[in-house]
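Peer 1: Chains as they are written, first to last, in numbering that gives the first Met the number 0: chain A, 0 to 466; chain B, 0 to 201.
Simulated from the structure, these hints should not be mistaken for lab results.
Hints should not be assumed to be uniformly reliable.
[As the list claims (entries may be wrong)] Result set (DSS-like, lysine-lysine): computed pairs, CA atoms no more than 25 Å apart in a straight line: (1) Lys164/A to Lys177/A; (2) Lys3/A to Lys167/B; (3) Lys6/B to Lys167/B; (4) Lys128/B to Lys34/B; (5) Lys265/A to Lys193/B; (6) Lys169/A to Lys282/A; (7) Lys253/A to Lys240/A; (8) Lys330/A to Lys364/A; (9) Lys334/A to Lys371/A; (10) Lys334/A to Lys277/A; (11) Lys164/A to Lys62/B; (12) Lys193/B to Lys253/A; (13) Lys330/A to Lys316/A; (14) Lys369/A to Lys439/A; (15) Lys396/A to Lys369/A; (16) Lys93/A to Lys34/B; (17) Lys396/A to Lys364/A; (18) Lys277/A to Lys316/A; (19) Lys113/B to Lys164/A; (20) Lys265/A to Lys246/A; (21) Lys193/B to Lys164/A.
Quantities reported herein were computed from a predicted structural model and do not represent experimental measurements.
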Amino acid sequence: MSPKTLYDKIWDAHLAHEAEDGTCLLYIDRHLVHEVTSPQAFEGLRMAGRTVRAPDKTIAVPDHNVPTTEGRENPEAMTEDSRIQVAALDTNAKDFGIHYYPVSDIRQGIVHIVGPEQGWTLPGMTVVCGDSHTATHGAFGALAHGIGTSEVEHVLATQTLIQQKSKNMKVEITGKLKPGVTAKDITLAVIGETGTAGGTGYVIEYCGEAIRDLSMEGRMTVCNMAIEGGARAGLIAPDEKTYQYVKGRPHAPKAGHWEQAMEWWKTLYSDEDAHWDKVVTLKGEEIEPVVTWGTSPEDVLPITASVPAPEDFEGGKVDAARRALDYMGLKAGQKLTDIEIDTVFIGSCTNGRIEDLRAAAEILKGKKIKVKRAMIVPGSGLVRAQAEEEGLADIFKEAGFEWRLAGCSMCLAMNPDQLSEGERCAATSNRNFEGRQGYKGRTHLVSPAMAAAAAVTGHLTDVREMT
Amino acid sequence: MMEKFDKLTGIAAPLPLVNIDTDMIIPKQFLKTIKRSGLGVNLFDEMRYDRQGNEVEDFVLNKPQYRDAQILVAGDNFGCGSSREHAPWALLDFGIRCVISTSFADIFYNNCFKNGILPIVVSPEEHAKLMDDAERGANAVLTVDLENQTISGPDGGEIGFEVDPWRKHCLLNGLDDIGLTFEKSASIDAFEAKASAERPWV
Ligand code: SF4
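This is chain A alone, in the form it adopts within the complex (with noise of 0.2 Å):
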């Protein structure tokens, strides 16, 4: 048998079909549904009376739209659109029997946390969503990723999706990270090699031993921005510290299907002379903590340089490069930490994790942010309640950050969270873009760490030189 990556093997294992212009249709292990991308595809399901085929392997939760304060049952704190939005997914869920975390639900969260945390998630699946961020699941060896809304509608009828193969590509990070550096460092960097086009056509297999020495957590946050580097999926290898992630999660294999699930999950690698059809290496040790200055996620430097001038980039980015300074408000030659904030949003499917929050506590232990606001929103309940147990919730709150319920709040404002024209946002979500926090808000990427050291100092700030 050729030798073979982990997508191949992966796909091969979910071929359901094959036609002879090569239009593949691919199987879906679990189809994870949140309530903005969803409403027209039940509707199109009812209207030409179809059903869901797997509801078993689907499952549903609110997430972008759902406020993050307290009282937010009440519906009076949903605008009208959200609600109806909400209430549509509330209904679909029940109508079509699928599973369903509604927000009175401690589970709830933001669909790519509650997926993992619940179990659903396992190696060696096919998971889609109507999200682009769905690539988050690849972290446990899973070909994952984002669909359209006549796509989520395709899957629920049928369990499948009409796909072409796309192209290997491996990322290798070498060596050990230096303190200080992060996963969201390290998926930066690789977008700041690449650009967001770089991985256009791509699955992407990261690997290499700083990949290895990362939690599952980390591993999250790199394959999450997998996306933002213009590839449809990131891919991790499974190995022991994904097994005992999974082991004891409600809807992982149990006792007897668990041995069985090993067998296979141990064959998911690429195979020693796999073909690549393009490789990008990085050494973990010359990584740095950065910092995005711009509005693309390909704008990374690190925190210890300067801003940079239009001149300093080639053909269509000069042109880029003069109009995000202008956007952002920033000058070439300053430095970036002399950069003020005026607010820092700690939580997203890149960074609201517990370990995201411990990273962030560290920093936050016994001091008081200098920012105008400050808020951390857990990725899910049970993050939250894990946070509160840990003694986290107590640290942000001393240090004067909001404590917010679970949902995805800042990262999109499509909730009430959001920036005010001009207003600059150390954030740990995974986009920078023109307005993505709010109208003519301003977004710094950063990660946890570091979002914590720019709410104490109040402007973005090396976190090596907090301890």
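Given the coordinates of chain A, assemble chain B with the ligand onto it according to the supplied hints.
Peer 2: Quick look at chain B with the ligand alone, frame taken from chain A:
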């Protein structure tokens, strides 16, 4: 979800305006919906209602004889502008199953087929004839036969039209992507049986 289209006999409404864009078909304030359906009341909203929301008497679809129109005979370059699938959704919800023009914007043309609407391109001469037929009010009944690729007017005259064979096949059989995948159900069933034996924990 797609309704079959084989033979349609219905009232044709004349809309001779050229360059009707998707914003005119369904303005952007109606895109925040959770539905594909229900957009029919807002079809051509800004031409159909005044600012107080009252019907504009002159607008063709408000005239008693055209309120049940199922066919539109429209001016050149119909459906230009944004790619919103809300445009065919709104037409369909109103009851329009066929649009006839001398040319269509590309994306809109494609979107029609995905939603069970037949867009037909005819020559300027044929277009003039059909526009004339459509202007006859309650007598403006056209029959569109997709199988035979003909349009016949109230006077019995017949006009032929072209359509891509694959798209014709899908429309005739009411096949959308989902419908086509259903044709491969046996493969999916077989896959599912095999997978649940090999990976029962999934
Ligand atoms: S947290 Fe942000 S990126 Fe993640 S699913 Fe929610 S809106 Fe999307």
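Peer 1: Could you run down the list of hints and mark each one as holding or not?
Peer 2: Structure-based check of all given hints:
{"no.": "1", "hint": "Lys164/A to Lys177/A", "in the structure": "violated, 37 Å"}
{"no.": "2", "hint": "Lys3/A to Lys167/B", "in the structure": "violated, 41 Å"}
{"no.": "3", "hint": "Lys6/B to Lys167/B", "in the structure": "holds, 12 Å"}
{"no.": "4", "hint": "Lys128/B to Lys34/B", "in the structure": "violated, 37 Å"}
{"no.": "5", "hint": "Lys265/A to Lys193/B", "in the structure": "holds, 20 Å"}
{"no.": "6", "hint": "Lys169/A to Lys282/A", "in the structure": "holds, 14 Å"}
{"no.": "7", "hint": "Lys253/A to Lys240/A", "in the structure": "holds, 18 Å"}
{"no.": "8", "hint": "Lys330/A to Lys364/A", "in the structure": "violated, 33 Å"}
{"no.": "9", "hint": "Lys334/A to Lys371/A", "in the structure": "holds, 22 Å"}
{"no.": "10", "hint": "Lys334/A to Lys277/A", "in the structure": "violated, 35 Å"}
{"no.": "11", "hint": "Lys164/A to Lys62/B", "in the structure": "violated, 52 Å"}
{"no.": "12", "hint": "Lys193/B to Lys253/A", "in the structure": "holds, 20 Å"}
{"no.": "13", "hint": "Lys330/A to Lys316/A", "in the structure": "holds, 17 Å"}
{"no.": "14", "hint": "Lys369/A to Lys439/A", "in the structure": "holds, 22 Å"}
{"no.": "15", "hint": "Lys396/A to Lys369/A", "in the structure": "holds, 14 Å"}
{"no.": "16", "hint": "Lys93/A to Lys34/B", "in the structure": "holds, 18 Å"}
{"no.": "17", "hint": "Lys396/A to Lys364/A", "in the structure": "holds, 10 Å"}
{"no.": "18", "hint": "Lys277/A to Lys316/A", "in the structure": "holds, 23 Å"}
{"no.": "19", "hint": "Lys113/B to Lys164/A", "in the structure": "holds, 24 Å"}
{"no.": "20", "hint": "Lys265/A to Lys246/A", "in the structure": "holds, 15 Å"}
{"no.": "21", "hint": "Lys193/B to Lys164/A", "in the structure": "holds, 22 Å"}
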